[in-house]
Every structure is written in structure tokens, then in C-alpha cells.
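*Asks:* Using the hints, position chains Z, L and C against chain P.
Spelled out, the chains give:
Number of protein chains: 4
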Amino acid sequence: MNTFGNNFRVTTFGESHGAAVGCVIDGCPARLPLALADIQPLLDRRRPGTSPLVSARNEEDKVEILSGVFEKMTTGMPIALLVKNQDMHGHDYEAIKEKFRPGHADFTFQAKYGIRDYRGGGRSSGRETVGRVAAGAVALKYLSTKGIAVQGRIIAVHGVTSPQKIDGEIVAARAAGDSVGGIVEIRATGCPAGLGDPVFGKLDAGIAAAMMGIGAVKGVEIGDGFAVAERFGSENNDQMTPVGFASNHAGGILGGISTGQDIVVRIAVKPTPSIAKVQKTRDIHGKETEIRVGGRHDPCIVPRILPVAEAMLALVLIDAALEQEKYR
Amino acid sequence: MNTFGNNFRVTTFGESHGAAVGCVIDGCPARLPLALADIQPLLDRRRPGTSPLVSARNEEDKVEILSGVFEKMTTGMPIALLVKNQDMHGHDYEAIKEKFRPGHADFTFQAKYGIRDYRGGGRSSGRETVGRVAAGAVALKYLSTKGIAVQGRIIAVHGVTSPQKIDGEIVAARAAGDSVGGIVEIRATGCPAGLGDPVFGKLDAGIAAAMMGIGAVKGVEIGDGFAVAERFGSENNDQMTPVGFASNHAGGILGGISTGQDIVVRIAVKPTPSIAKVQKTRDIHGKETEIRVGGRHDPCIVPRILPVAEAMLALVLIDAALEQEKYR
Amino acid sequence: MNTFGNNFRVTTFGESHGAAVGCVIDGCPARLPLALADIQPLLDRRRPGTSPLVSARNEEDKVEILSGVFEKMTTGMPIALLVKNQDMHGHDYEAIKEKFRPGHADFTFQAKYGIRDYRGGGRSSGRETVGRVAAGAVALKYLSTKGIAVQGRIIAVHGVTSPQKIDGEIVAARAAGDSVGGIVEIRATGCPAGLGDPVFGKLDAGIAAAMMGIGAVKGVEIGDGFAVAERFGSENNDQMTPVGFASNHAGGILGGISTGQDIVVRIAVKPTPSIAKVQKTRDIHGKETEIRVGGRHDPCIVPRILPVAEAMLALVLIDAALEQEKYR
Amino acid sequence: MNTFGNNFRVTTFGESHGAAVGCVIDGCPARLPLALADIQPLLDRRRPGTSPLVSARNEEDKVEILSGVFEKMTTGMPIALLVKNQDMHGHDYEAIKEKFRPGHADFTFQAKYGIRDYRGGGRSSGRETVGRVAAGAVALKYLSTKGIAVQGRIIAVHGVTSPQKIDGEIVAARAAGDSVGGIVEIRATGCPAGLGDPVFGKLDAGIAAAMMGIGAVKGVEIGDGFAVAERFGSENNDQMTPVGFASNHAGGILGGISTGQDIVVRIAVKPTPSIAKVQKTRDIHGKETEIRVGGRHDPCIVPRILPVAEAMLALVLIDAALEQEKYR
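Residue numbers (the numbering used here), protein chains in the order written: chain P, 1 to 328; chain Z, 1 to 328; chain L, 1 to 328; chain C, 1 to 328.
It is worth saying that the hints were derived from the structure and are not from the lab.
Take the hints with a grain of salt, since some may be wrong.
[To be verified] A few chain C residues that face chain P, going by a derived Cβ cut-off under 8 angstroms, partial list only:
1. T3
2. R9
3. F13
4. G18
5. A20
6. V24
7. L66
8. M73
9. A80
10. S247
11. E290
Positions of the beta carbon are idealized from the N, C-alpha and C atoms, including for glycine.
With the rest of the complex left out, here is chain P:
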């Protein structure tokens, strides 16, 4: 369950304050030119410590390629990518070792496994996404050879859509010891028609799983999404022209299969659950208590989720693209 994909299979590993995070990619086609320079820039985009809007944790996030690349080309063998953790403050977490942080996975991990690595959220930390972004970078490199590109953008933060005002919302939330959510749109261009499968393997089903599988995501829309619920069919259908479609309400997918138009996805991102305000909770012994979550947290995860969401969409698309190769 730490593996994503059927053809381009990515297995991630690592905890927030363990020795390292990373991934193994299995099924990457051979003879794809691949270098560190294809991967590092995307990791730099999701890296903490780069602005006052994000966590101050200081990680270089330097990636190493351990296998699967020979003479600057992929060989078809598994590609292991490793990022060592550096700025680990394991001792910071003693205070919350026995308390469940509201909005976090502390309680559910304890309920499921009977044990949890409480250092910085362990595996449930956003740090797990390092492996996703690294793998996504490889996928994006492959997709670029097919003319497919993926680009995310922030639609809104805390209900504010003007880029000029978004930073202000985040700064204000931080100042208040609070956090804010937002909406991100991810768009893929250059996809051919024919990707995806008709029933359970619908392309949008895969995208929905990929996006909802990112921590903090609580909603996913394809194309016009929830707005379609208020429409007539005659408004919502994308009529066809001799060369394509007259509109793209469907977001580039019909019957689970890509139409050749842009694929359009929007996700709802919840406010970071780590806040400095006092909250009611209980401890692992069932006793009522209070908590203030200190530490180096993002007051809004929206900016840093962008490269993760792009990576996930890339992973869905490469998987579908390779699947489609089977049936050409």
C-alpha cells in the first residue's frame, strides 16, 4: 500500500525523522535520458525552509540515484532514489509523544498499528511526499518526450483568489497561531485521446485516488466538478466539432478515457492541523487533556502541495500511457 501504479510502480519509504526518505520506481522504460538535474529542481520546489510562508525546517533534500541508471540512461531496472534526512529534531516531540494531535493521524495510526513513530508525524508527515515528487520528476521527464506537460496553480487560499492577497492570508494565519486551507488546480496538456480504462480503471478514478491520497486533500473535481450538479444536460455536454470539442466541461475525460483535451483537476486542501492555539484532545491512556502544537509548521500547505499534486498527476498519466502501449 506504499506502492502506486500498475505499470510505472512507485514504492515510497521513510519517516519524517528517520534516516532517509525515498522511493523505488519499477517499470520505467529503458533508454530514457535521466540525470539528477531532472529530479532535484522539483524537490527544491517542495523543500521546506525557503520562505516565510512555509516551515522553517532546514533540509537540503539532495537526491541520490542508487540504481537503474547507467551512462545517463535508464536501463529498465528499478530506480532507487534516496534523500537523507538532516534537520531532525526528534527531541522536540517528547511533549506530544502521548497526546493525539487533532486533525492529525496520531489517533488513527495508534488505533490501527498499536504503535506509532511520533517524531514529527513519522510516516504520516508531509515529508513522505519527497519520494512522490522524486518519482514524479522521472515520470514528467518521460511524459515530456511524448509532449505531455503538467502544471498546477493556486486557485484560492482561505476563500481569497487574488494572488496579491493570498500571501497576506497565510501570514495573518501564522501570526494568529492558526492555519488556512485552499484550492489547487492541476492541468495536463498534450495528452492523447485514449488514456484510461472504461470501468474501475477510469482515468478520473485513478486521478481521484492519487489526489485524495495526498494528506490534507478532502475533495477532488474533474472538469467543472460539483458545478455540473446544477446544470441541464444541454448545458453540460461538450458538443463535438470536426476537429475536436466546442467546450471542455468534462475536464478532458469521457467514460474514464481521455478525450485529447486538457485534463483539469481541482483539489480542496484543508488547513494544516498543526496550530499553536490550544485544542482539546486526549492522551494515549484515554485521559482528557489540552495541546498546543509547537514546532516548525506550514501555516498553509497549499503552496508546497503544488509539486506533490503535479507529481501525482504525472504518475497517473505515465501509468495510463504505458498501459495504452500494450494495446496499440
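*Replies:* Okay, now just chains Z, L and C, sitting in the frame of chain P:
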């Protein structure tokens, strides 16, 4: 890609106007009491021809159990469920054989496979969901032995939320040769904490894939969904009490794992693409043309999607419940 | 676990004395011409009741195509194949209902599931292979379009290798109320180099699983098999020539990947466990008892295993061939 | 295809002369005590450079646990295990860079991928098994908590069965610039009845795939294996007693499911293809040539395959044991 689930694996088959539709369930635990009476009522709920609000196609949808049940108990062997098609009007479809219906999968199937069964949409027809509902009935039977229940309800149709007015919206749309969309909520009660996996196999990721894998669904929300994007963390976090949670904004899932609260899912359902109004399209030779989709169509798929969405949520939950058994 | 294959996925279902046996094939490429005449002859080869050497059970084994074929071509949708059972003698089995037959799966099914369909072995009956052979027929049809053929032959029965004497061994065993085993070789011709994967997905690993997954098979060899254990490397290596190889000790597979030579597989088939002689056993209550297995049994399963082994090799090859398409 | 298992999933990575080899284990139950001392001794058993009978390559094979273990217990999260390569002689391989070594995967890798890491066989090197043995060690630790143990032994080398004479055969082969094959038996004790699945997921099918998936293995037998082909059913059936079985010809598996007896597996190991003798081959341009494979090779892989085969059997058993948990 016609198989859903890792532990309770459902493979569906069949086309709208082929000989039969159905499914094979692999991985159903042995010694579950199971009879036709556990399955038929759910099929009857999704059956066409039962009211003026739905398609007039006349199908009895009588299910047969071909295997996997012995002396009224499951044996652990694959359960094959078969529903023969009866009211097939293959000849009705000659008129649209060469035209792509807007909003349907006609174009994408042709692009992907280079062939399509154009009779009533073939495999992309809603008739494919017979197999899902039959399998979901078996899952629901199992879940009921664990105290878990699943129930859907209509939230809105065409923006109207009052039950009294919803029928009117549908009737009006039909009268206008048009169709309308809506929103459905599905809720699971009785789920223990601990179902689901932390990373790619998050319970909500599985639910999102299951729901978006239903034809016509364009958006999925868990808990408060897109509303969280406008909140502060202090508003959105579900604070804990000694016995549970003070609220359920999260919809019963934290970090991909069930909390023990109700699981709450909402889906956006698009208006049926089959409408009697004239639409612009093209034919399979690339020539511009027009189309009016005649036949026996649902003016609103929302009422009939309810048992399908319940079935899909049941399939996700049984899969997670069986997975969890491995690690007790 | 009733599904075989990753790309061409076959799910079989059905019990010896249930309503029907069959399979669903998912992932068959679209636009493959397919008719009943492609499938029925292979089912006829494995059919009982055709000679004094095999079981007298009288089954027509008429196959129906329920889905996935339209206008005599596959559509890429799941192909459901059904064979109704006819000559069911459920009442014959009352005598052994509570006794474990030695060499059969009665005891292990009971231990695993706590229930078993005791009628003719239920799911563990050789009748389960109807679905495999039907699916294999579709695979063979596809493979034939690529120039790949699969052919099995009997190497030995009860240690006797002369075809003239093999029938005599079987007749003698039957007369003695006993049964005999043997060895079968299956060979694939026309395979291109490059099928299979280097590590866990080796082509020979897949073949080994496929063959050992046939009831009664207790050993699998590729190429020279166990004979290699007594050789020097200089004897066993297949030296290369400008156009191929000077020998084929490897059986057409090196490092898990096909070489382009014939693929050669041999399997050891145990004597049918159903024998008329008195054997010691116990009943389901743990009490010591004796058993004589009456009924219509094959005194030697070797002739009827041939089409099953061919089918299984075909399923492995089509899966590898489709996988290879992804990475052309 | 570099992942093994459905429940306890092991993904291996790494090449003979790359930066590192290792694995990621996904699905290991939480709260298993685990330390380096559980893994290192098994790696030491397969390590080269330890005796005149094996390769002189000097690798410490020190394993690091990168994730998934917290306070000396598994957490249920992926366990990444890493072994850095040290004694890499990449430059030694220039001479064979353009020649296909007979009996090796050089030709088939080139045919499949159009590229190969020719340094020491790259991914097809036996060095890939480091990840398997490390993962197997974790599996064995878990199995030991259930009372299950796995033990391999050498049955024969080059036809010689006396332990005293086996070393002599290997030394003589090395002196002659040649290599020899052999037979290994692996036995699991303490397995409960009920592991494995009836059809394609038979326990022996899984074992066959696991064993044939080890490089150099050309045959697999369960229980009496090929010997059963010469028997009567009355000789081969294991009659039952009130407490068990009177014999174990079946090797502990009936109908694909464990009987509770010892599981007995034998494998045929081919002579190492790397030999100092001159062999005919061709180069990557298709030109006829000759080759002498120099370097640090094992004259007989049989002793070093033992821990690998044990690891693979352990991986099959843990997978089946966890599967069985689902259906208790």
C-alpha cells in the same frame, strides 16, 4: 481493469445489449450465509422501468448464483453472479451507429479501441453497474455481520434540495427533452477505527476512486470537502474528547484511516448526456453532423446511482476490513 | 487468487457439480477475430467421456460467449465464457461426504475454509480447468497472430515412454483399481527474444507457477531441467553463433527472458488420487476409517492434462507478450 | 516485476556494480521486534569472499535499516534495507562490454531493453539477491514467532552426494576453469495446515515461481517431484491417520494448500555460466567471436544459493500466512 479490490475482488462483465451482465467475486470469506434474497432487492432498487422518473427499459434483472455457494453458505470459492439481458433493442441504435453522442464515451472508446459496441453504449452503459450492485449486496451482507451499514441519500437535483421539489425538476427536464444533475451523499455507520492505509492506500483515496469510477460522477468530497478550503485550522480540526471526537468535519477519516466516526462521502452527478435536443457532433469519418438521442433514457441518473454508490462504498469497506484482518 | 495474469487476466469460477464453470478474460486486445469455433475444439480435447482411457462423465462442454465480442471481433471489454454443467451426480458423493480422500484436497479445504463442497471435489476438481482451457484458446488465437504456437506431448506414463505401450499401462492400472502418473512436455515455437522480466517476473518463474498451479503437477523443468545439476558449465552453456545458439539446454530462456529459441517445459504428473483400492483415512470428526473411491475417474490424468498445460503456457506467453508491448 | 508477494511485498533494487543494492518491504506487520542482528547473519551466509569455494569479491555487505523500525520494533510502515556496494571493479568489464557471455542474460537483456549495464552482469548478477536475503531475514523473524522455520541443504553437486566429496568437485571444476551444478533441498517445518489457495494461488505454485525466479534454477520439485510420474496412485497417496498422515510423498501440500506436514522443495541449479574456458559467441554487432570469462566467479553457485532459496521460501510462507489471517 474490470476488477475492483485487492482482498474482496470483483470482476464485472457484460454490455448493455449483450447476452448478460454480471460479476465474479473472488476472496469472499467462507461460511457467510448467502441467498438470492440477499442480492435481488438491491438489484431491484437500481432496476429500470419502475417509475416515470427513470428509463422505461423493461428488465427483470433476475440474478443467478452460478458458483461459490453451497448449502446456502459461501465456500470461499469465487461467486459468479449472472443477470441475463432481456429487453434488448439492438436495432434502435442503427441511427447513432456512426455518430458520437456528446457527453458519452462513444468517441473515447473509438479512439482507444478502434471498435465499439454501439448498442446502447455497450460496456459504457449504466447497465454495467448491475454487476457492481450484485457484488455490493454480498459485501453489504458481510459488513452487516460486523455491524457496518451503508446508506445513500439525494442531497440535491439541479440545485434543488427540497425532496418535494426534486421530482418536479426531473419531470420538467424530461418534458423539455433535457436532463439534470445532482448531488448524492453516502454514509457508512458502524466502521471501526483503523480501516485504510496511510499512504497511497488511504481509505479516502479508495473511496474517491470507487466513486469517480461510477459513470457520470465528476466530483468527490470526504467530510466537509471543498468547504474546508475556506476555513482556519482551528475551525476545521475535530478536537478529541475522552470517548471520541467533538465534531466530524473530517468525515470519519484521518491520515487515510477510519476514526470510528461515520464515514461521509458526497458525489457530484452530471446530467445524463442522452438528451432529445439537437446537438452538434461529428461522425466516425470526421464529418460534422447533428444528433438527437432518442430511446429510453433516464432524465436524471441521481435516483438510480444511489444503490450503485452504496455498493461501491461497501466494496471499499469490505476490502479494507479484510485487509485489516491480516494485521490484527 | 482465482485470477491469473497481469495483462491478460483470467478469472475462473465454478465447481464440479455446481451450475456452471467458466471464466472472465480481462485485458484481451480489441479487434481480435474470435468465434466459438476458436474455443470449442480445445474444450473438446479436455472433455471427459471420449475414450476408455478417461472418465466416463458425460459433458458436452458447450461454451457460450456472454460478453466482449461484437460482430465477431473482441472489443477490449471483458470476455465472459460459460459452460453449463450437465452430468452432475451429486448424490453419488454422500458416501464420502464425511471422509477425507487420500491425495485429494478434501482435508486441506476443510482445514482452510471450515467448509467444503464435497460433490466431486467441488472447486478442487479437474473440472475447474474448463475455464483455463477456454481462456487459453483465446490466448492461443492471439498468439497465432504473432506466429507463436504451443504444443504438448506425452513423454512417459508410469515410466513407459513408447506410445504403443502407454495405453496399455493406463488400461492395466484401471483394471487393477489403481492409477498411474507420467510426464508431459510442452513446447512453444515462434516466441521472439525479449519476453519475461529479469527478477521475480522471470518468464520461467511464471511458467513454473502456471504449471505447478495445475492440480496433480509435482515438478517443473525448463530446458534440460534437473539434468543440468550433473553437468559442467562448459557442457551446459549454449554457445552463440552469428544467427542464434548452437544448442538449447536452457529451454529458450536466459536470465528469465526468452532467447527466441523454442521454450521447452516438462512437468511431472502424479497418479490420480481417486483409486478403487481400499485406503486408510480419517473422517471429519477425526475418527480412523477406510475409503474406496468409486465413481467415474481418470485412471491417468496425463492425456487430459495436455490441453490444460498448453493453455497455461499460452496464458503466460500472452501476458509476457502484452507486457513487452509497453516497452517497445 | 521487481516486487514479490501480495501481502508481504518485497521490492528489490540495485546492480552488481552500482552504488547499492537493497529492498523495501511493504506490509510487514507492526510490533515485530527487529534489529540489524536479525538480518546481518543471513547476509553474511550469502556473502562472497569467505572461502576458496566462492567468489573472491570482497564485500562487507553491511545492512542499514532506513525506515519502518522505531524503538526496535516494526511500525507497519515500509522497511527500507540498504547495502552499499564496495568492491566494484567496473573497469574489469571493458573486455566483455560488447560480447554476449554464453549462459548469461547479456543477450536477452540487450534484446529486451536495447541497453544493459554490462558491469558484472548489472541487475542480472547474483548480487541482486542481497535484497532478497535481507527481506527473507525479516520474514524468517516473523515466521519464527509462529513456530515456522526454514532450512536448506545441499543434496548433490555434479552428481556427487557425499558431503566429503562435494568440496572436491568444486575445487576440481575451478582448477579446470570450469563450473558445476547441483541440487538443493529446502524444507519448512512448523507450517500449519491451511496455507495457500486452491487454484492459481496454490502454495506450490508460489514456491515454484519463487524458486524458478532465482537465477540458475532450472527445475523445481515439491515432495517426491518427478519420481511420482513412475508410480501407482496406491503407492503415491499419503494415507491419513487419526492424527496426521502415514507418509509425505506430497511434500506437505495437497490441492495447493499446506497439510501441516513439512514442506519439501528441491531445486536444480545449473553450473555457473562464467567459465574460464574459451567459448564461441557473438558480439553486439552480430559478429562471431570467442570469449573467456575472467574475473572473480563462483565455480559452483550451490553453496551460496542456499540462503537465497531459504529466503524465497520464507517470503512465500509469510505471504500465505498473512493471507490466511484475513480469513480466520
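*Asks:* A separate judgement is required for each hint: does it hold in the structure or not?
*Replies:* Now the hints, each set against the structure:
no. : hint : verdict
1   : T3   : 6 angstroms, holds
2   : R9   : 7 angstroms, holds
3   : F13  : 4 angstroms, holds
4   : G18  : 5 angstroms, holds
5   : A20  : 5 angstroms, holds
6   : V24  : 5 angstroms, holds
7   : L66  : 5 angstroms, holds
8   : M73  : 6 angstroms, holds
9   : A80  : 4 angstroms, holds
10  : S247 : 42 angstroms, violated
11  : E290 : 26 angstroms, violated
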